[in-house]
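Peer 1: Chain by chain, the residues:
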Amino acid sequence: MDLRTLTFLVVGATFALYIIIAIKSRVTTTGEFYVAGKGVHPVLNGMATGADWMSAASFISMAGLIAFKGYDASVFLMGWTGGYVLLAMLLAPYLRKYGKYTVPSFIGDRFYSRTARVTAVLCLIIASLTYVIGQMKGIGVAFSRFLEVSFEVGLFAGMAIVFLYAVLGGMKGVTNTQIAQYCVLIFAYTVPAIFISMQLTGMPIPQLGLGSSMTDGGMHVLDKLDLVLTDLGFKEYTAQKGGTLNIFLYTLSLMIGTAGLPHVIIRFFTVPRVRDARSSVGWALVFIAILYTTAPAVGAMARLNLMNTIQIGEIGSPTGNLEYAKVPSWFKNWEKTGLLKFEDKNGDGRIQYYGPGLKDKEEEFGWKGNEMIKVDRDIMVLANPEIANLPNWVVALVAAGGIAAALSTAAGLLLAISSSISHDVLKGIFMPDLTDKGELLAGRIAMAGAICVAGYFGLHPPGFAAQVVALAFGLAASSIFPALMMGIFSKRVNRTGATSGMLCGIGATLVYIFWFKGWFFIPGTEMMANKPENWFLGIAPEAFGAVGAAINFAVAFTVSSMTPAPPEHIQHLVEDIRVPRGAGGAQDH
Amino acid sequence: MLQSGINKERLTKKFLGSKGFFLYYLGKEVNFFPLNNEKEEIMSDAAAYWRENIRLVIGCIIVWFIVSYGFGILFVHQMNKISIAGYELGFWFAQQGSIYVFVALIFFYVSRMNKLDRKYNVYED
Chain A
741 MDLRTLTFLV VGATFALYII IAIKSRVTTT GEFYVAGKGV HPVLNGMATG
791 ADWMSAASFI SMAGLIAFKG YDASVFLMGW TGGYVLLAML LAPYLRKYGK
841 YTVPSFIGDR FYSRTARVTA VLCLIIASLT YVIGQMKGIG VAFSRFLEVS
891 FEVGLFAGMA IVFLYAVLGG MKGVTNTQIA QYCVLIFAYT VPAIFISMQL
941 TGMPIPQLGL GSSMTDGGMH VLDKLDLVLT DLGFKEYTAQ KGGTLNIFLY
991 TLSLMIGTAG LPHVIIRFFT VPRVRDARSS VGWALVFIAI LYTTAPAVGA
1041 MARLNLMNTI QIGEIGSPTG NLEYAKVPSW FKNWEKTGLL KFEDKNGDGR
1091 IQYYGPGLKD KEEEFGWKGN EMIKVDRDIM VLANPEIANL PNWVVALVAA
1141 GGIAAALSTA AGLLLAISSS ISHDVLKGIF MPDLTDKGEL LAGRIAMAGA
1191 ICVAGYFGLH PPGFAAQVVA LAFGLAASSI FPALMMGIFS KRVNRTGATS
1241 GMLCGIGATL VYIFWFKGWF FIPGTEMMAN KPENWFLGIA PEAFGAVGAA
1291 INFAVAFTVS SMTPAPPEHI QHLVEDIRVP RGAGGAQDH
Chain B
349 MLQSGINKER LTKKFLGSKG FFLYYLGKEV NFFPLNNEKE EIMSDAAAYW
399 RENIRLVIGC IIVWFIVSYG FGILFVHQMN KISIAGYELG FWFAQQGSIY
449 VFVALIFFYV SRMNKLDRKY NVYED
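Taken in sequence, the protein lines are chains A and B. In the numbering used here, each number is its position in the first sequence, counted from 1, plus 740. In the numbering used here, each number is its position in the second sequence, counted from 1, plus 348.
Worth flagging that the hints you see were computed from the coordinates, not collected in a lab. Ideal Cβ placement from N, Cα and C applies to all residues, glycine included. Keep in mind that the hints are not guaranteed to be accurate.
Straight-line alpha carbon distances no greater than 20 Å define the calculated DMTMM-like cross-link-like pairs of lysine to aspartate or glutamate that follow [to be verified]:
id, chain 1, residue 1, chain 2, residue 2
1, B, K467, B, E400
2, B, K429, A, D966
3, B, K467, A, E1315
4, B, K429, A, E976
A few chain B residues facing chain A, derived, Cβ under 7 Å [said to hold, decoys possible]:
id, residue
5, W398
6, S416
7, E436
8, Q443
9, I447
10, Y457
11, S459
12, N462
13, D465
Which bits of chain A does chain B cover? Going by a derived footprint, with three or more residues having C-beta under 8 Å, they are [as the list claims (entries may be wrong)]:
id, region
14, 952–963
15, 1026–1035
Assemble the whole structure, with the sequences as input and the hints as a guide.
Peer 2: Structure below.
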């Protein structure tokens, strides 16, 4: 069976599985699953959170960035896991105790202000929309490859499917479907990693394989990779390339952004008790950590395999490089998507792929520059099993996993955006007497609008999928997290302080991002080229969320100290959420 | 809260006289006139619970900071001089170790908080 048919079969089978589970568990859902006060078991909730959380950025994009950035991509690994520690200790138990509503309604109640609530909704929409743009990039990559069309066509196909998936809706909210999605996703991610780790080192556990020695030659994998890369004029894999301040703030932005993303936080409202909220965060991280500790092995080994595929012999010798006529089929297939580009600069019919370190040897070797003019980082995970010559069913499985990851998160975010617009903004503020039917219609229109916006930016993405998602985290970090934290840990921060803090935090972050990425991400409108030399103190736009959060805290405390303290009943509310006993029933989300 | 309790006692004494006040105290012993001092105890307990909670959280956050920002970022060069099992240690903390510690840290926090909940009698059944 050819790869394409097999992929359709596997993707189709997994989707059929999700739909069957969704329909089957819906019966029990209304009956018993979500009855107030009962809720979802923390381990299962953790697994469902894992599926919700791990999107195209984690599945498709992250290991590719690790493959090309090496140590510097650790920001994603630490940033997207360390946030769960903050979530478990600083937010989840208290928000669970408060229970009942959504994140903006907590902010609205705690800061006794409709303005604060609207501000929170606005911040949520901005962050979620940016997040969806990142997913669209991932979806476009996945669909373009498996339909064997250009990236643009793949993106349009993906948009249509996301819309259908989200409008059929509800599926997202069913915990059982998410548990199935998690199983497919983690299976699809770890199986090729185990195969490749076995091939290279004989060690089946990728986490250990990355530290093992190679079966050929006995060198450690990472030492070998460092050697291969430096020989070809690239920078050492394990060495630090970017500035320390930037790496520090990048990690911090992702961590506090994780703790401030509403679609993750609301998952912890569904557990029965406050202590379950704490342990459920722990379980979520366990399930996420399985993928996140595998990713470094996937990245490093994919890079090593890629380099060895192209550089088949001694560097500089006439037959040392792969002939273009003999490239494997994955190479040709990715070329069709436009995400991989080769140009025979010196006309020898062979591929030279090397870094700036070999510039002074070009003349001696008869090379005219790096001929792999485009290697989109987001293709690495999907191409990885093919590069390693794994069986077709593994390749198809990875496709199914990647599409599941991207679709589930994109659909979830779109639902969150559309319900914020229709429920919090339209019904809550502008049209209080909107009927349920009208609300649903408004939600659908908002969703279609959000998909079109996200699709448009997906065509000209402001970065690789994981980087765009990182921007979304920075926006959440600079607005929602500080407001929630101050709401729980300070009785003094009042409505004026919190609102102005959120506005200044997200405002500063947005301006900084737009300054380098173009206003509203429109290409060509950037004020300065997005280069480390231009960045303020060397801080990348993706890393600025941490600075935005600091601005948020500072503004909120200063303004609060100059304006009256919150009324007494609010101070009692804060005291009340700090004690677990007496939490109300679990909420269905 | 305390102030109002004293006032109540003083007022009772004033109205009932010394004999009546004795009866009042007797009544309090058998909870004849529930004086509702419970709330006061909950308040101070809540404060102590919160203090211990904060201390635990700060401890955990310090560990969280050291393994990721310390070992993985700020001191990565020094840590990388040590090599264990094919990994440079700083690189290992940045890409593997910190994640394992994060998981352990949350479960440590969960078990300590459950103990704390029981100690202050706010554990949920």
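Peer 1: Now tell me, hint by hint, if it's right for this structure.
Peer 2: Checked hints:
1. B/K467 to B/E400: Status holds; Cα separation ~11 Å.
2. B/K429 to A/D966: holds, 15 Å
3. B/K467 to A/E1315: holds, 18 Å
4. B/K429 to A/E976: holds, 15 Å
5. W398: This interface hint holds because 5 Å falls under the 7 Å limit.
6. S416: Holds. Min distance 5 Å.
7. E436: holds, 6 Å
8. Q443: For B/Q443, the interface hint holds, since the closest Cβ of chain A sits about 4 Å away, which is under 7 Å.
9. I447: Because about 5 Å separates B/I447 from the closest Cβ in chain A, which is inside the 7 Å limit, the hint holds.
10. Y457: Status holds, d = 6 Å.
11. S459: Result: violated, 9 Å to nearest chain A Cβ.
12. N462: holds, 6 Å
13. D465: Status holds, d = 6 Å.
14. 952–963: It holds, with 6 qualifying residues against the three required.
15. 1026–1035: Per the Cβ count (4), the hint holds.
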